[in-house]
Amino acid sequence: MASKFGLAGGIPERRVRPIWDAVDSRQYKSALKLCTALLAKHPTSPYALALKALTLERMGKPDEALSVCLEAKELLYSNNIFHFDDLTLSTLQIVFQRLERLDLATSCYEYACTKYPNNLELMMGLFNCYVREYSYVKQQQTALRMYKTVGEERFLLWAVCSIQLQAYFSSGGEKLLAFAEALLKKHISSHSLHEPEGIPAYLKCTMYEVIFFSSRFVLF
Numbered sequence: 001m002a003s004k005f006g007l008a009g010g011i012p013e014r015r016v017r018p019i020w021d022a023v024d025s026r027q028y029k030s031a032l033k034l035c036t037a038l039l040a041k042h043p044t045s046p047y048a049l050a051l052k053a054l055t056l057e058r059m060g061k062p063d064e065a066l067s068v069c070l071e072a073k074e075l076l077y078s079n080n081i082f083h084f085d086d087l088t089l090s091t092l093q094i095v096f097q098r099l100e101r102l103d104l105a106t107s108c109y110e111y112a113c114t115k116y117p118n119n120l121e122l123m124m125g126l127f128n129c130y131v132r133e134y135s136y137v138k139q140q141q142t143a144l145r146m147y148k149t150v151g152e153e154r155f156l157l158w159a160v161c162s163i164q165l166q167a168y169f170s171s172g173g174e175k176l177l178a179f180a181e182a183l184l185k186k187h188i189s190s191h192s193l194h195e196p197e198g199i200p201a202y203l204k205c206t207m208y209e210v211i212f213f214s215s216r217f218v219l220f
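Residue numbering for the sequence shown follows the numbering used here, starting at 1 and increasing by one per position.
Any given hint might turn out to be false.
Said to hold, decoys possible - In silico lysine to aspartate or glutamate, DMTMM-like type, Cα no more than 25 Å apart, as pairs: (1) 33 - 13; (2) 138 - 110; (3) 41 - 74; (4) 148 - 86.
Said to hold, decoys possible - Label-pair restraints from in silico Cβ distances: (5) 185 - 21: 48 to 54 Å; (6) 134 - 63: 25 to 31 Å; (7) 135 - 40: 36 to 42 Å; (8) 100 - 18: 28 to 34 Å; (9) 189 - 169: 28 to 34 Å; (10) 141 - 40: 38 to 44 Å; (11) 71 - 15: 18 to 24 Å; (12) 151 - 26: 42 to 48 Å; (13) 175 - 27: 50 to 56 Å.
None of these hints come from the bench; they were simulated from the model.
Glycine is no exception: its CB is placed at the ideal position from the N, C-alpha and C atoms.
With these hints in hand, go ahead and build the complete structure from the sequences.
Listed below in structure tokens is the structure:
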């Protein structure tokens, strides 16, 4: 669970590792004691609160867990937080998901991405939120933003897959697939395709376009 410089959510990893170990071994009372001690030293740490919320949820206390999560969320939204990382958000996301409040996890990631628009880890976390919510348009937008930020082919393919899902589940499929194909063609012309998923994605776009065209020809 370590992040840069041996920190986990802005706290030395050696202080949070025992909590994760206790949670993983289902020693929830021990984990809660460790969380209480951690919060005594880091009372304004969203990550420490997220760990406490995780422990409470595992103990079968969803209302208390949600309350602590919301406290952590409020701290994240304040202007006093200097360490805003994916580890804190992903821990909160685990709890929100188990509490069936994915909307709250998504809003946290959306806020984080507005504060740190070029942070790849945060954008990937936001993309995963949209995947869980079946928000195909927002998936596409986030994937394209990542692609434009770092130029990695996998993010373009994520965007193409998101467009294909839109085409399958909504109207305007022909235009959407043409857009996906254009994105791939532009990338291929300058970089070629390196990811193994790239060629099937390209073929699927062209195949679906043929199907849409054929269907329209039959209808008209």
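Consistency of the hints with the structure:
| no. | hint | in the structure |
| --- | --- | --- |
| 1 | 33 - 13 | holds, 17 Å |
| 2 | 138 - 110 | holds, 11 Å |
| 3 | 41 - 74 | holds, 19 Å |
| 4 | 148 - 86 | holds, 20 Å |
| 5 | 185 - 21: 48 to 54 Å | holds, 50 Å |
| 6 | 134 - 63: 25 to 31 Å | holds, 27 Å |
| 7 | 135 - 40: 36 to 42 Å | holds, 39 Å |
| 8 | 100 - 18: 28 to 34 Å | holds, 29 Å |
| 9 | 189 - 169: 28 to 34 Å | holds, 29 Å |
| 10 | 141 - 40: 38 to 44 Å | holds, 42 Å |
| 11 | 71 - 15: 18 to 24 Å | holds, 20 Å |
| 12 | 151 - 26: 42 to 48 Å | holds, 43 Å |
| 13 | 175 - 27: 50 to 56 Å | holds, 55 Å |
The structure agrees with every numbered hint stated previously.
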